[in-house]
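Work out the full structure, taking the sequences as your base and the hints as a guide.
Read off the chains here:
There are 2 protein chains.
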Amino acid sequence: MTNPAYVAVDWGTSSFRLWLIGKDGSVLGESRSDEGMTTAAKTGFAAVLAAHLAKVSAPENVPVIVCGMAGAKQGWVEAGYIDVPTSLSAILTGAVSVPGQDRDVRILPGLAQRDKAMPDVMRGEETQLLGALGPESKGSQAVCMPGTHSKWVHVRDGHVTGFSSFMTGELFEAISKHTILAHAVAGADQMPADTAAFEAAVKAAFERPAMATNLFFTARSGQLLHGLTAAGAQAKISGTLIGMEIAGGLSDAGSAVNISLVASGRLQGLYETAFKTLSLSYTTIDADTAVRGGLAAAAKAIWPN
Amino acid sequence: MTNPAYVAVDWGTSSFRLWLIGKDGSVLGESRSDEGMTTAAKTGFAAVLAAHLAKVSAPENVPVIVCGMAGAKQGWVEAGYIDVPTSLSAILTGAVSVPGQDRDVRILPGLAQRDKAMPDVMRGEETQLLGALGPESKGSQAVCMPGTHSKWVHVRDGHVTGFSSFMTGELFEAISKHTILAHAVAGADQMPADTAAFEAAVKAAFERPAMATNLFFTARSGQLLHGLTAAGAQAKISGTLIGMEIAGGLSDAGSAVNISLVASGRLQGLYETAFKTLSLSYTTIDADTAVRGGLAAAAKAIWPN
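Chains A and B supply the protein sequences, listed in that same order.
Residue numbers are given in the numbering used here: position 20 of the first sequence equals residue 20, and the series is strictly consecutive.
Residue numbers are given in the numbering used here: position 194 of the second sequence equals residue 194, and the series is strictly consecutive.
Please keep in mind that the hints were generated in silico from the structure rather than gathered at the bench.
Glycine included, every Cβ here is placed at the ideal spot set by N, Cα and C.
No false leads were mixed into what you were given.
Which bits of chain B does chain A cover? Going by a derived footprint, with three or more residues having C-beta under 8 angstroms, they are:
1) 118-130
2) 166-173
3) 178-189
4) 211-223
5) 245-253
Rendered as structure tokens:
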């Protein structure tokens, strides 16, 4: 077995993922939990990290590279932002050291778009992006990174020219739990997904995004008047949000732009279905592989030997 | 003083409003509370009504005309729906009697749009609409009725041709309380409103509704990067929702359509500001006067003497 080279950590708002990586790049161990920034800010970042390092038996001298919300102002150590437009590789030079640790721990910066009308920030996705495209990508791409706050990033020849966050995942939760539609979707998770309703909603919202909050309401009126199921109501909400997001994400891009989808699991399936419904061609890159790739590039830049 | 002729009740999901009306049409007494359908379904509709009738000292023989959610399936007595397209005056013939009451109590029906792709329902707004326009209105109008679930109704020569509900008010609550933006708007209610941020958001969402969930996010990123205030963040959320609603409400209408705004209080001010920002001309009709007018027309049709 190869020797451990470094530990890679993706530390988000609500999730923690750690990998022990060998000198040949292979994954030697993995540890995940829901101890994201919100939890760790209360229980202590160093303690959370130490527990996961112990789980994968990381040797004492092995350094740690971190991306994500651990570098936010409310996080462990603020890692600042690199302003866009920027080269993708610029984030490699912006890592900050966490002081007072037994081992070398570095946190990568996020990206900021200081545009007055469209201010935006990301933390973690920039590392995923670097891993997904590599520092030397060619041509123009729209990169879709679905999640709580989905990111659409415009990349040209290895440079991030701009990006937009869409509150798709968080709005799905808020609408499904904290509006009248909570009744409409009750029980949906125990039913098979209604793909037809999802596709129809994606199409309707993509074509007429101004009708989005009306489309949400049809999840209720469709039940009152047409016997729509809970799964159908849930599909309408999620399809509407995703259709609107895709329309927004592509609104700054030419119609011939290449779409890269960086996702895995359930979200990958939903977005692939949405792109197919809209006859948009896309390439999927696994999100986990992408973030490990970005962290590997950072580790190699910081600890080259 | 004129003798009481009837009692008019607007019984919504979360509010109850009752007026004692004289034979000359004047308001002899008024009683309001938050005992809407949701509350009354637990405590009993008859008891809630009796308490408010006692407050305005309504004589025993005076009949009661009711509109709103009291006529829903989960309400007091189901009053059904009149299907659109329909004449506005059709609702006058659809009232149902509440059985087992000491006095004559009738509940007006709602409107249903059974369109497969755009199903919709309303209860209460149809009565407001009748009061606002009268049964014999001429020409084409888009009627905007803001609220928890705002309604946009298309009326031509006294006929409702179609309508759409937008979840504007409810989404404002859900986004402000149950997403990351709750932090961004904390304290906003104690600050003066940020009209400039509201107007900019109305314009941005009206012009690019696909960016709505991104515009919400700028309430947060604007604070991180540009020192946006809590009032500014709140104005961005409300302006985005209202701008998107107006774009959606007008998307089926010609650009030369007459807009009637049926509103009062705070919502009236917000929507008037939004219409002015978008250079859209409109006529405002007071919402309270409108609903009393519709209930008066119904009382006159049911009890003509």
